[in-house]
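Visitor: What follows is the residue order along each chain.
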Amino acid sequence: MKKKILIVGAGQAACSLAGKYRQQDSEAAITIVGEERYLPYQRPPLSKKYVTGEMSVESLFLRPEAWYQKNDISLLSGHRVVRIVRKSKQVQLDDGRVLDYDKLALTTGTRPRALPNEMGGELKGVYVVRGIDDANAFAAEIASGRRALVIGGGYIGLEAAAVLRNKGLQVRVVEMADRILQRVACAETSNYFRQLHHENGVQIDEALGVKRLVGNNGRVAGAEFSDGSAMEVDFVIVGVGVVANDDLARDAGLNVDQGILVNSFGQTNDKNIYAAGDCTRFEYLGQMVRLESVQNAVDQAESTASNMAGFATPYTPYPWFWSDQFDVKLQIAGLNQSYTDTVTRVGTKPGSLSVWYFAKERLVSVDAMNDPRTFMTAKKMFSSNQLASVEQIRDPDFDPRSVLGA
Amino acid sequence: MPTITYELADGTRTDIKVDVGANVMRTAIDADIPGIVAECGGAAMCATCHVYLEKDSASAFTAISDVEEEMLECVAEDRQPESRLSCQLYVPEGIEQVIVRLPKTQG
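From first to last, the protein sequence lines stand for chains U and A.
Terminal number for the first sequence in the numbering used here: 395, no gaps in between.
Terminal number for the second sequence in the numbering used here: 1207, no gaps in between.
Source of the hints: derived by calculation from the structure; they are not laboratory data.
Glycine included, each C-beta is placed from N, C-alpha and C at the ideal position.
One should not assume that every hint holds.
[As the list claims (entries may be wrong)] Simulated crosslink set (DSS-like; lysine-lysine; CA at most 25 Å straight-line):
| hint | chain 1 | residue 1 | chain 2 | residue 2 |
| --- | --- | --- | --- | --- |
| 1 | A | K1204 | U | K59 |
| 2 | U | K(-9) | U | K37 |
| 3 | U | K76 | U | K260 |
| 4 | U | K59 | A | K1117 |
| 5 | U | K38 | U | K156 |
| 6 | U | K113 | U | K(-8) |
| 7 | U | K(-8) | U | K156 |
| 8 | U | K9 | U | K113 |
| 9 | A | K1155 | U | K9 |
[As the list claims (entries may be wrong)] Label pairs and their calculated CB-CB ranges:
| hint | chain 1 | residue 1 | chain 2 | residue 2 | range |
| --- | --- | --- | --- | --- | --- |
| 10 | U | V335 | A | Y1190 | 28 to 36 Å |
| 11 | A | E1182 | U | D84 | 46 to 54 Å |
| 12 | U | N374 | A | D1166 | 25 to 33 Å |
Taking the hints into account, I'd like the entire structure generated from these sequences.
Guide: This is the structure we're talking about:
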């Protein structure tokens, strides 16, 4: 009998999982249910080339519509799953429909943390950047000379700030923590990007909280800060982190803890329910992590698809990330969350810099700013487990490529 | 209309008719050609769209940028003189056929 494979959530992980599953089972009925009315699409360009108009909606789509037909993958767009009924192996949709499954995959992603309503989060002109609709609303505000406030100095906030500044807006970034990128990078990397934004005319204020946004006829008009100061604004971008969409799983009694907990096979505590991508949390080098990245959405989804199809394939993540701001290409290999030391190396070109993170002498991550050679070298070090030592990296004359065997 | 010919590592060939200006990576993704991953979606960030561009057509394409050059140094499969990132290749005018060979692995 044909197996029923149901995938809830229609982003990168869903698309990768469906495609990989189909390669291994030509018979199964595969269905993807997604809330948004678009074909599954890439999110990274939303805060970059999409809002500036350099990329069309169609160019965001991961696969054309014909691909889903060719691979016999049903796409139920514009529908939300409201409940998983594990006992009868069914899910219920928002229109009351009930779908059966043999194996269920949750690829529900994350949602941006919103500014609370009492702080003015409900005002018009306050945006998050997660989906195409968010980006469209944000893009409509872009016009030279307008004043934008970006709340949160993480990658999304800084990317948005760079795009807005390039379009001639007055841009101010406020970050509550002591420094921008504090959660995701070391001080050297923060310094590099602070300077980059300053040179390009973005005002950055760190250790400054937003007390509240002030409205005028329901639309944001100003902001008040923790130090008692205030400013007028035309619109606001909020980039203060994301929350895993694990509610469906929690309500169904699956184990969740800041994400859907899965083992290395992508399996939850129900053997017929799997999860992959940003919404999952799992063990990586002895710590529980959520890897919010395209890499994880693709690789974890593909290994999970193989497991669902009956081919035991444990997932070993080789995390990598990227960001674009002004003329700087940031590429990150590995995951730095447990680091104890960093070593900074100046690259061979002007403006190129790399920061090497070590956890008790073991290389765990590298931030490469305008230094693709170092990024590629580091990525290969991790995937081949040929790691450079602290001593080697501290020596400015040492060529990191030399640790990679032929 | 120009043709892009994708030759898989096992020798299988697929011809796709395209417009001038078509992107070699995007065309492969849309046509479901296996062997091109393109994790970063064409931002020259990941080097998982590595191809070998046949010499006859190579000179008509935009030259390799510094970024592409550095990314190619550590690709998963052998770097060769014909190596390119297909996300950086747009089919130029005045060319009938573009032949790209795909490596066995992208990483």
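Visitor: State for each hint whether it applies.
Guide: Here's how the hints hold up against the structure:
{"no.": "1", "hint": "K1204(A) to K59(U)", "in the structure": "holds, 24 Å"}
{"no.": "2", "hint": "K(-9)(U) to K37(U)", "in the structure": "violated, 42 Å"}
{"no.": "3", "hint": "K76(U) to K260(U)", "in the structure": "holds, 12 Å"}
{"no.": "4", "hint": "K59(U) to K1117(A)", "in the structure": "holds, 18 Å"}
{"no.": "5", "hint": "K38(U) to K156(U)", "in the structure": "holds, 12 Å"}
{"no.": "6", "hint": "K113(U) to K(-8)(U)", "in the structure": "violated, 46 Å"}
{"no.": "7", "hint": "K(-8)(U) to K156(U)", "in the structure": "violated, 51 Å"}
{"no.": "8", "hint": "K9(U) to K113(U)", "in the structure": "violated, 41 Å"}
{"no.": "9", "hint": "K1155(A) to K9(U)", "in the structure": "violated, 33 Å"}
{"no.": "10", "hint": "V335(U) to Y1190(A): 28 to 36 Å", "in the structure": "holds, 34 Å"}
{"no.": "11", "hint": "E1182(A) to D84(U): 46 to 54 Å", "in the structure": "holds, 53 Å"}
{"no.": "12", "hint": "N374(U) to D1166(A): 25 to 33 Å", "in the structure": "holds, 29 Å"}
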